[in-house]
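Asks: What follows is the residue order along each chain.
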Amino acid sequence: MPSTLADREEQTVSAEKQTRRMTLNMGPQHPSTHGVLRLEIELDGETVVKATPEIGYLHTGIEKEFEVKTYQQAVPLTDRIDYLAPLSNNFAYSLAVEKLLGIEIPPHAQWQRVMLVELTRLNSHLVWLGTHALDIGAMTVFLYCMREREDILRIFEMYSGQRMMTSYIRIGGLALAPPRGWQDRVRKFIDAFPSKIDEYEDLLTNNRIWIGRTKGVGTVPVEDLLDLGVTGPMIRAAGIKWDARKENPHSSYEHFDFEIPTRTENDVYARYLVRVEEMRQSARIVKQALDGMPSGPWQADAPHVVLPEREKMKTQMESLIYHFKIVTEGFRVPEGEVYQVVESPRGELAYYVVSDGTSKPYRVHVHGPSFGNLQAIGEMAKGTMISDVIASMGSMDFVLGDTDR
Amino acid sequence: MLPETLLEYPDAVAVQDAVVTGKYDRGELTLEIEPSRIVEVCARLKGEQQFVRMSDLTAVDRYPEEPRFEVIYHLHSLSRNTRLRLKCRVSGTKPAIDSVTPVWRGANWFEREVFDLFGIEFRNHPDLRRIMLPDDYEGHPLRKDYPVTGTRV
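Protein chains in written order, with my numbering: chain A, 14 to 418; chain B, 55 to 207.
Note that these hints are calculated values from the structure, not bench results.
Do not rely on the hints blindly, as some may be mistaken.
Claimed, not checked - 30 angstroms max Cα-Cα, derived DSS-like pairs, lysine-lysine:
1) LYS201/A / LYS112/A
2) LYS325/A / LYS259/A
3) LYS254/A / LYS325/A
4) LYS148/B / LYS100/B
5) LYS100/B / LYS373/A
6) LYS77/B / LYS373/A
7) LYS100/B / LYS77/B
8) LYS198/B / LYS77/B
9) LYS338/A / LYS198/B
10) LYS395/A / LYS82/A
11) LYS100/B / LYS112/A
12) LYS100/B / LYS395/A
13) LYS259/A / LYS228/A
14) LYS77/A / LYS198/B
15) LYS112/A / LYS395/A
16) LYS259/A / LYS77/B
17) LYS259/A / LYS198/B
18) LYS254/A / LYS327/A
19) LYS228/A / LYS254/A
20) LYS198/B / LYS82/A
21) LYS259/A / LYS112/A
22) LYS112/A / LYS254/A
23) LYS82/A / LYS100/B
24) LYS77/B / LYS63/A
25) LYS77/A / LYS254/A
26) LYS325/A / LYS112/A
27) LYS254/A / LYS100/B
28) LYS112/A / LYS198/B
29) LYS209/A / LYS259/A
30) LYS112/A / LYS300/A
31) LYS373/A / LYS198/B
32) LYS300/A / LYS338/A
33) LYS148/B / LYS112/A
34) LYS300/A / LYS325/A
35) LYS148/B / LYS198/B
36) LYS77/B / LYS77/A
37) LYS201/A / LYS300/A
38) LYS112/A / LYS338/A
39) LYS148/B / LYS77/A
As the structure is a computational prediction, the values presented were derived from the model and not from experiment.
Make the full structure from the sequences, and use the hints.
Replies: Here it is, written out as C-alpha cells:
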C-alpha cells in the first residue's frame, strides 16, 4: 500500500531529525537577548546541542578612555558601563580611588551612598524582573515594574538632575548636597514598596505557568558555576552565601541589619526567589538609612581632592587657588594599585585601578559581573529545549554594556 | 625570593619557591610569580589554599619598560574570605604566557580579552581568538603605544 502524504512527510521529518542539525543565530538584535548579544545555537530538533555566545558588539573602549581623563573626569564613564546600575559603578570606582588616596568619607556621605546604591539595586532588579517575566510571557509584571522603576528614576533625577547617568557618587563624597526634601520623597516610595513586591509575587510566585517554565530549568552544578567565574544572585541561588556587602563590608554596610537570601535549588525559579527577597532586603536597608541617617558634611575633609564651597571660592584666595588647581589639573593620586570589590545588583563588581602618581589613572580595569556570569550560558543551555534558553538567559540578568565595556 | 616582610602571609609562603618579589600594600597582597611557573602555582593555590575562584585576569602595559607587560590575576577564596593578586611580567617582543584555563575554566574569556586588547598570547588556550573587536582588526588598543584618537591630518 502506498503511504499517504502525511505518512511520508512524517517519515522525512523524523529522518531529518536524526541527521540534520540546525544552526540558529539568536541576536545580536533579538529582542530577548537584552542587548546586543549573539548566541549561536546548534539545534537537534528543539534540543540545544551547543550554544556559543559572541560578545563585543557594545565594546566602546572605556578602559582606554580612562587613561586620558583625570580621576574625577572619569566618573561619568563608569555610569556608562552598566547602564542599569550606574550608581554601583560610581560607588566602586570612587571607593577604589579613595583607597589609593587614603581619604576618609564622612558618615553622612557613606550612608547616602548606601541608600542610593540600594535604590539602584531595586531599580536594576525591577528591570530584570519585568523583562524576564515578559520573555516568559507575563506582560503585566513588566508594566508594574516599570511603574515603580519610574519612581526610583525620579528620585535619582531629584538628586543628580539625571535619570540614568547620574555620576552622583564622586571621589571624595557626593556630587552635590542632597536635595531639599529628599527624605519625604524616598520615604513615600519605600513605605509603599514592600506592598508592590507582594503584587509581583501574587502574579508570579504561585503561578502555574511561571513555575512550569522556570522550575528545574537552567541548573548547572555549583562547582562549575564557581569555576566559570559566576557571582551574585546566581551563586546565592545555588546555596553559596557570599555577598561582598557582608563579607568585605565597605562604606558603613556593617551598620545595617539585613539578610543575604540563599536557595539551594539552583534553577531559574530559585534565582527569581533570591532576587525578589533581595529587593525586600534592599528596601529594609533604605529604610534604615532613612531613619538613622547621620548628619554632617557630604564631602570629605580633603581640600586637595574635593572642590571648595562656592561661597569660600568667591571670598577666599586659598580656596580659589585650590579650585583652580583641581579643575585645571585634577589631583595627584599616590602610586599604587587597588582592587575594590562591591556587590552590584548582578554580582561581584570590581575596579582595578593602577596609579603612577599623576593626575590620570595609569590603568583602570573593570571587572563587570555580567562578563563572568555570561560565560556560563553555554553550559546552562546545553541539552535543554530552545525555549528554556530564553528563561536561562533571563535568569542571568546580564547587561551587555557591562560585559563589553 | 620572598621578601622577609611577607613571611607572615601563608599564601605567600605556600608558593615562595616561585615568587620573584612581592608586597603588601593597602591591605592587598601582591606576589610576582615567575611566568613559566604560573599554571603550577595557580593549581597549587587552588588546591592547597582554597582559591576556588579566579575573580579577574587582566594586564597592564608598562611601555617602554622591559619586560613590558604585567599579566594580573586576582584570586579569591570564598571559604577563607581572602584575596590574592598574582603578577607575571611578560616580554614585549612576542609576548606569551601559559593559559590558566586548565585550572579555572572561567579564565577563558578573560584571557581572550587580554589577547585581543594587549596582544599577549596564551599558550594551550582552547579557543584563542578576539573577543571584543572584529576578527580582522589590526592592533591592540590597550597598549600604551596605541593612540586614543585617530591621527590628525
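Asks: Against each hint, give a clear statement of whether it holds in the structure.
Replies: Cross-check of the supplied hints:
Between LYS201/A and LYS112/A, the direct Cα distance comes to roughly 35 angstroms. Violation of the 30 angstroms bound is thereby established for this hinted pair. Straight-line distance between C-alpha atoms of LYS325/A and LYS259/A comes to about 40 angstroms, which puts the hinted pair past the 30 angstroms bound. Distance restraint check for LYS254/A and LYS325/A: the Cα-Cα separation of roughly 48 angstroms exceeds the 30 angstroms cut-off, and the hinted pair is therefore not satisfied. Straight-line distance between C-alpha atoms of LYS148/B and LYS100/B comes to about 29 angstroms, which keeps the hinted pair within the 30 angstroms bound.
For the hint linking LYS100/B to LYS373/A, the alpha-carbon distance of about 35 angstroms lies beyond 30 angstroms, and the restraint is violated. Taken as a hint, the LYS77/B and LYS373/A pair is honoured in the structure, with Cα atoms around 23 angstroms apart against an allowance of 30 angstroms. In summary, the hint linking LYS100/B to LYS77/B is supported, as the alpha carbons are separated by about 21 angstroms, within the 30 angstroms threshold. For the hint linking LYS198/B to LYS77/B, the alpha-carbon distance of about 25 angstroms falls within 30 angstroms, and the restraint holds.
For the suggested pair LYS338/A and LYS198/B, the alpha carbons sit about 27 angstroms apart, so the restraint of at most 30 angstroms is met. The suggested pairing of LYS395/A with LYS82/A is violated, with an alpha-carbon distance near 43 angstroms, which exceeds 30 angstroms. A distance of roughly 28 angstroms separates the Cα atoms of LYS100/B and LYS112/A; the hinted pair therefore holds under the 30 angstroms criterion. Between the alpha carbons of LYS100/B and LYS395/A the distance comes to roughly 27 angstroms, so the proposed pair stays at or under 30 angstroms and holds.
Between LYS259/A and LYS228/A the CA atoms are separated by roughly 29 angstroms; this keeps the pair inside 30 angstroms, and the hint holds. The straight-line distance between the Cα atoms of LYS77/A and LYS198/B is roughly 9 angstroms, inside the 30 angstroms bound, and the hint therefore holds. A hinted pair counts as satisfied when its Cα atoms are at most 30 angstroms apart, and LYS112/A with LYS395/A does not qualify at roughly 42 angstroms. Our distance criterion of 30 angstroms between C-alpha atoms is met by LYS259/A and LYS77/B, whose separation comes to about 27 angstroms.
Straight-line distance between C-alpha atoms of LYS259/A and LYS198/B comes to about 38 angstroms, which puts the hinted pair past the 30 angstroms bound. Taking the CA atoms of LYS254/A and LYS327/A, the gap is near 52 angstroms; set against the 30 angstroms cutoff, the hint is violated. In summary, the hint linking LYS228/A to LYS254/A is supported, as the alpha carbons are separated by about 21 angstroms, within the 30 angstroms threshold. Our distance criterion of 30 angstroms between C-alpha atoms is met by LYS198/B and LYS82/A, whose separation comes to about 15 angstroms.
About 19 angstroms separates the Cα atoms of LYS259/A and LYS112/A, which keeps this hinted pair within 30 angstroms; it holds. This hinted pair checks out: LYS112/A and LYS254/A have alpha carbons roughly 26 angstroms apart, not beyond 30 angstroms. Proximity of LYS82/A to LYS100/B is assessed by CA-CA distance (about 37 angstroms); at most 30 angstroms being required, the pair is judged violated. Between the alpha carbons of LYS77/B and LYS63/A the distance comes to roughly 44 angstroms, so the proposed pair goes past 30 angstroms and is violated.
For the hint linking LYS77/A to LYS254/A, the alpha-carbon distance of about 35 angstroms lies beyond 30 angstroms, and the restraint is violated. With a C-alpha separation of about 27 angstroms, the suggested pair LYS325/A and LYS112/A falls inside the 30 angstroms cut-off, and the hint holds. In summary, the hint linking LYS254/A to LYS100/B is supported, as the alpha carbons are separated by about 20 angstroms, within the 30 angstroms threshold. Only pairs whose Cα atoms come within 30 angstroms are accepted, and LYS112/A paired with LYS198/B is accepted, the gap being roughly 25 angstroms.
Note on LYS209/A and LYS259/A: the hinted pairing holds, with a Cα-Cα distance of about 26 angstroms set against a maximum of 30 angstroms. For the suggested pair LYS112/A and LYS300/A, the alpha carbons sit about 28 angstroms apart, so the restraint of at most 30 angstroms is met. For the hint linking LYS373/A to LYS198/B, the alpha-carbon distance of about 14 angstroms falls within 30 angstroms, and the restraint holds. For the hint pairing LYS300/A with LYS338/A, the CA-to-CA distance comes to about 39 angstroms; that exceeds 30 angstroms, so the pair is violated.
For the hint linking LYS148/B to LYS112/A, the alpha-carbon distance of about 35 angstroms lies beyond 30 angstroms, and the restraint is violated. Of the supplied pair hints, the one linking LYS300/A and LYS325/A is violated, its CA atoms being roughly 35 angstroms apart against a limit of 30 angstroms. For the hint pairing LYS148/B with LYS198/B, the CA-to-CA distance comes to about 16 angstroms; that is within 30 angstroms, so the pair holds. The suggested pairing of LYS77/B with LYS77/A holds, with an alpha-carbon distance near 27 angstroms, which does not exceed 30 angstroms.
A threshold of 30 angstroms between alpha carbons decides the hint, and for LYS201/A with LYS300/A the separation of about 11 angstroms falls inside it, so the pair holds. Straight-line distance between C-alpha atoms of LYS112/A and LYS338/A comes to about 22 angstroms, which keeps the hinted pair within the 30 angstroms bound. Taking the CA atoms of LYS148/B and LYS77/A, the gap is about 22 angstroms. The hint holds against a cut of 30 angstroms.
When held up to the earlier numbered hints, the structure conflicts with 1, 2, 3, 5, 10, 15, 17, 18, 23, 24, 25, 32, 33 and 34 and fits the remainder.
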